[in-house]
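Throw the hints in and build the complete structure from the sequences for me.
Numbering (my numbering), first residue to last: 1 to 399.
Bear in mind the hints are in silico, worked out from the structure with no lab data behind them. Check each hint, because a few of them may be wrong.
Computed beta-carbon distance windows for the label pairs [stated by the list, open to error]:
| # | residue 1 | residue 2 | range |
| --- | --- | --- | --- |
| 1 | L200 | Q264 | 19 to 27 angstroms |
| 2 | S335 | L275 | 41 to 49 angstroms |
| 3 | N325 | L31 | 17 to 25 angstroms |
| 4 | D134 | R278 | 20 to 28 angstroms |
| 5 | E338 | R99 | 28 to 36 angstroms |
| 6 | S189 | M1 | 26 to 34 angstroms |
| 7 | C389 | S261 | 32 to 40 angstroms |
| 8 | C389 | R52 | 42 to 50 angstroms |
| 9 | P39 | L19 | 23 to 31 angstroms |
| 10 | R385 | P39 | 24 to 32 angstroms |
| 11 | L47 | G190 | 24 to 32 angstroms |
| 12 | G38 | R265 | 40 to 48 angstroms |
| 13 | N325 | G253 | 57 to 65 angstroms |
| 14 | R99 | K142 | 19 to 27 angstroms |
In silico lysine-lysine, DSSO-like type, Cα no more than 27 angstroms apart, as pairs [what the hints assert, rightly or not]:
| # | residue 1 | residue 2 |
| --- | --- | --- |
| 15 | K154 | K142 |
| 16 | K142 | K33 |
| 17 | K12 | K154 |
Ideal Cβ positions, reconstructed from N, Cα and C, are used throughout, including at glycine.
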Amino acid sequence: MNTDKLRYQSDKALFDALLQERDVIKVNEQLEKMEAEGPTGIRRRLLSTSVRLSATMAPDIQKMADECVERLGIEIPVELYVYSSSTFNAACFKPEAGRLYVMFSSALLEGFTGSELRFVMGHEFGHYIYDHHDIPIGYLLKGQQPPSPKLALKLFAWSRYAEISADRAGAWCAQDMDGVASALFKLASGLTSNVIRFDLKDFLAQVDDMQAVDAEPGQGAPQGDWFSTHPFSPLRVRALQLFHQSELMITGGSPVADMDSGVQRLMSMMEPNYLEARTDAAIAMRHLLFAGAVVVAAASDGVTEREVEVFEQFFQKGDFSDRLNIERIRQELPSRIERVCQQTTTAQRMQVLRDLCLIAKAEGQVTAKERAVLDEIADGLEVSRNFICQTMDSDYEPD
Numbered sequence: 001m002n003t004d005k006l007r008y009q010s011d012k013a014l015f016d017a018l019l020q021e022r023d024v025i026k027v028n029e030q031l032e033k034m035e036a037e038g039p040t041g042i043r044r045r046l047l048s049t050s051v052r053l054s055a056t057m058a059p060d061i062q063k064m065a066d067e068c069v070e071r072l073g074i075e076i077p078v079e080l081y082v083y084s085s086s087t088f089n090a091a092c093f094k095p096e097a098g099r100l101y102v103m104f105s106s107a108l109l110e111g112f113t114g115s116e117l118r119f120v121m122g123h124e125f126g127h128y129i130y131d132h133h134d135i136p137i138g139y140l141l142k143g144q145q146p147p148s149p150k151l152a153l154k155l156f157a158w159s160r161y162a163e164i165s166a167d168r169a170g171a172w173c174a175q176d177m178d179g180v181a182s183a184l185f186k187l188a189s190g191l192t193s194n195v196i197r198f199d200l201k202d203f204l205a206q207v208d209d210m211q212a213v214d215a216e217p218g219q220g221a222p223q224g225d226w227f228s229t230h231p232f233s234p235l236r237v238r239a240l241q242l243f244h245q246s247e248l249m250i251t252g253g254s255p256v257a258d259m260d261s262g263v264q265r266l267m268s269m270m271e272p273n274y275l276e277a278r279t280d281a282a283i284a285m286r287h288l289l290f291a292g293a294v295v296v297a298a299a300s301d302g303v304t305e306r307e308v309e310v311f312e313q314f315f316q317k318g319d320f321s322d323r324l325n326i327e328r329i330r331q332e333l334p335s336r337i338e339r340v341c342q343q344t345t346t347a348q349r350m351q352v353l354r355d356l357c358l359i360a361k362a363e364g365q366v367t368a369k370e371r372a373v374l375d376e377i378a379d380g381l382e383v384s385r386n387f388i389c390q391t392m393d394s395d396y397e398p399d
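Written out as structure tokens, the structure is:
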């Protein structure tokens, strides 16, 4: 099968749109210049910090990789590496010197078997076959000149869509829904022992419970799904269940368009819409975002043009004016925080805090005074201050 047919269309559409973004073009041009000067040293670092898995050393793993390579139509030479770690992790690096590199943690290779491991391998290869490294998300989100909040939110959304495509490539290699679900359960829970007996029905029931938390799409999503580019959760299992029931996997299965529509409904649970919604909770969140953005922006040496520009991407042009009584807004901040706490879930409160962090990063650096305001808001929302650090410093590379 042409693997392009497996790709989640929302991934492809947003991928194409992001490639036309000025900031993405600029960073890619810079990376091309660096690569033209010679190898960036990926292979050298892997050889010095991990163990290369040869066919002699790991024949079963190499055989699985060869099967995935053939099934996905990969023609570039592949090198596999393992590094010492107690956490489950794997990563596919952008090709260098005509080779593709995939790295696994030792815990993952020891804890995963058969179709579970094929799924992980296929997932990593999926990032390569769909050119996901062409969107340099890590450079964009952690660079000296951060992107606008609007672009940052697009990058987060695209990264989640990219994971769906990579999951499908992994499932195509595994050809075993139970093994795929088991792999995602292990990744989500960190468990491999016999103490816990995996049950697919119970695992998927978590999705129904998420939907029951709040009727409005996006408000019931778990924290990890909203604020990580790699949301390991039952949502991914449900999306893969739709994939296994489609015409791509079985004769007479559901049409691809129906499958993608179902997946999009699932993904909407991870994308809050409080900026447009009219519920009491959404209104309270908007009011806090407005007040918090004003107070954070004014915390240092006045409000800059760049901060106003970023602010207006969340609200309307002209909403930030000289007529705003910043001191009064500052005094109202605690009451707005209290209303949000009364009417929202923890995940919703974290969403507002993350958006405030994006606004605070408008100038590239967050000052001590701005950070103090963010800490105050986090404390009021009963969200750990560590979440601010996580939002500022997260690793965004696809894996």
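The hints, checked one at a time:
1. L200 / Q264: 19 to 27 angstroms: holds (23 angstroms)
2. S335 / L275: 41 to 49 angstroms: violated (21 angstroms)
3. N325 / L31: 17 to 25 angstroms: violated (46 angstroms)
4. D134 / R278: 20 to 28 angstroms: violated (38 angstroms)
5. E338 / R99: 28 to 36 angstroms: violated (56 angstroms)
6. S189 / M1: 26 to 34 angstroms: holds (32 angstroms)
7. C389 / S261: 32 to 40 angstroms: holds (37 angstroms)
8. C389 / R52: 42 to 50 angstroms: 34 angstroms Cβ-Cβ, so the 42 to 50 angstroms window is violated.
9. P39 / L19: 23 to 31 angstroms: holds (24 angstroms)
10. R385 / P39: 24 to 32 angstroms: At roughly 40 angstroms between Cβ atoms, P39 and R385 fall outside 24 to 32 angstroms, so the hint is violated.
11. L47 / G190: 24 to 32 angstroms: holds (29 angstroms)
12. G38 / R265: 40 to 48 angstroms: holds (47 angstroms)
13. N325 / G253: 57 to 65 angstroms: Since N325 and G253 have Cβ atoms about 60 angstroms apart, the given range 57 to 65 angstroms holds.
14. R99 / K142: 19 to 27 angstroms: Since R99 and K142 have Cβ atoms about 26 angstroms apart, the given range 19 to 27 angstroms holds.
15. K154 / K142: Holds. K154 to K142 sits at ~15 angstroms (cutoff 27 angstroms).
16. K142 / K33: Roughly 19 angstroms between the alpha carbons, so the hint for K142 and K33 holds.
17. K12 / K154: holds (13 angstroms)
In summary, the numbered hints that this structure violates are 2, 3, 4, 5, 8, 10.
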